[in-house]
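J.: Listed below are the residues making up each chain.
Protein chains: 2
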Amino acid sequence: MSLLVVGSVALDSVETPFGARDNALGGSATYFSAAASLLTEVGVVGVIGDDFPIEELAFLRDRRVRLEGLEKVSGRTFRWKGKYGFDLNSAQTLDTQLNVFETFDPKLDEWARKADRIFLGNIDPELQLRVLDQVQNPKLVAADTMNFWISGKRAKLLELLKRVDVLLVNDGEARQLSGEANVLKAARAIAKMGPKYVVVKRGEYGALLLHGAETFHAPAFPLADVLDPTGAGDTFAGGFLGLLDRLNTTDVGALKQALVMGSTLASFTVEQFSMDRLRELSMVEVMARFGSFRALTHFDDLDAIS
Amino acid sequence: MSLLVVGSVALDSVETPFGARDNALGGSATYFSAAASLLTEVGVVGVIGDDFPIEELAFLRDRRVRLEGLEKVSGRTFRWKGKYGFDLNSAQTLDTQLNVFETFDPKLDEWARKADRIFLGNIDPELQLRVLDQVQNPKLVAADTMNFWISGKRAKLLELLKRVDVLLVNDGEARQLSGEANVLKAARAIAKMGPKYVVVKRGEYGALLLHGAETFHAPAFPLADVLDPTGAGDTFAGGFLGLLDRLNTTDVGALKQALVMGSTLASFTVEQFSMDRLRELSMVEVMARFGSFRALTHFDDLDAIS
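Chains A and B are the protein sequences, given in the same order.
To convert, take the position in the first sequence, counting from 1, and add 15; that gives the numbering used here.
To convert, take the position in the second sequence, counting from 1, and add 15; that gives the numbering used here.
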């Protein structure tokens, strides 16, 4: 099995009520691959500048993440600066510097073209389409997007959605894309745009999966201390697709397990700043927390009451 | 088994983006007993004015709700007027008229004093304490409260909490009562004030139960059409305590089933204005939806991944 992610590798400056970090490792492809590589073979396509502290990615190499698709070009690395208040569900963006990402044109090598599963991180839908034009016959294509593309590149995004099997978005994005205030109506409207499966990520409230006429819900793991929610969504996507790739199926049972795995991995990311928790994370810890979602959500049948 | 509720029986005027109703049946004791009476024997203690359309309660009598404790006094019935926007999670209160509730002094008859389980709806903590002073030896005491009492009658509320087994509050109330922004920390802090079990209701995001060091989560049932969220919290409490009373236990398994039953019943309430949906609701429908929470939340074990 093999899983390709196309997205940003970034340096983030983040402030939350619990601390701050400057130029810490970030980016959608980074969080995604850090999570998914615990579960399956992952390759990254992205771009960094010549200022990028490459030793920061050593832990990904240790997890055998394929970094051959990570171009290094002259210039500064993509940077994001943001701030969270006590409502950790939404960040206030203070600054975005595309830098080398501005001229990024993803080029897939032989391995990447043949990947079984693809995750198109939150980048310009035109670039996401260019990636799809290069892949051969993937078993599953998943994508993320954001408000900026939903309003600014809607036609291209809709063209993309016809070619996507799974769309993963947060609830605000689902509402904006569909024009529906109700999250279930929003997910159903998005499914009509193309994706067979729609995942709505809701921060501390968990995630909802729409598959056909059915829904499945995974709560966020209840945590007393959330230090930095940055990257939770991409970690979630990494756990979700990482498990689907490992299990090599999209049957309903696997989709449900994958949603819980996404929620499991995301719960570790937010416990520390940047990728500090993901960096040291072991599958023993992951499996223990995955298992604890049963006590959190499962209940016994009830004898009939009439 | 027997379950006593003390709370308001009201006339609500409600506006949502999907319609409006004037002087419709409402009140915490009404929603609670409509839900709980599907599961067990319920008695109501409350007060109505001489303007109250008593025929509105016929369906409760049909469910054998004991209305002997519902005093009728001279004056106008308690009235609440509120409005919801597209965010149906919180109401804007436009008007509250306590009317006959202003001088309400709950008096419990023999049946009520001997009830197995008590739900103290959201009223003045002094009145809640006066009810507790009259009951004999209940197996379980549960209570609700709100921002008004948390800020205005904190000392009395804290006195009450020492005598309460279950506190059911929404997340804003949990935060205000505990001074903790994080919902898990908030629930833990509340448990230290007395209640063995803390239920945090989170509207469309479901509910969290804290029992000892453990948590359990029930999502809200995903609905495409929510017409009027009024009464969802009290319906939830009615389903939760109704099932605990019927099962006559508070073991962990029953608590989990009760949380799901609360969520199940609340999901019907919001499908229509006022008590229209609860009024006609059958246990066949309830058991079917309770069962569908399994497909919504349960997932298979995962083989070990190392």
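None of these hints come from the bench; they were simulated from the model.
Certain hints may be false.
Claimed, not checked - Lysine-lysine pairs mimicking DSS-like chemistry, simulated, CA-CA at most 25 Å apart:
no., chain 1, residue 1, chain 2, residue 2
1, A, K200, B, K98
2, B, K154, B, K96
3, A, K98, B, K200
J.: For every hint, state whether the structure bears it out.
T.: For each hint, the structure was consulted:
no. : hint           : in the structure
1   : A:K200 - B:K98 : holds (22 Å)
2   : B:K154 - B:K96 : violated (36 Å)
3   : A:K98 - B:K200 : holds (22 Å)
The structure does not agree with numbered hint 2 stated previously, though it agrees with all others.
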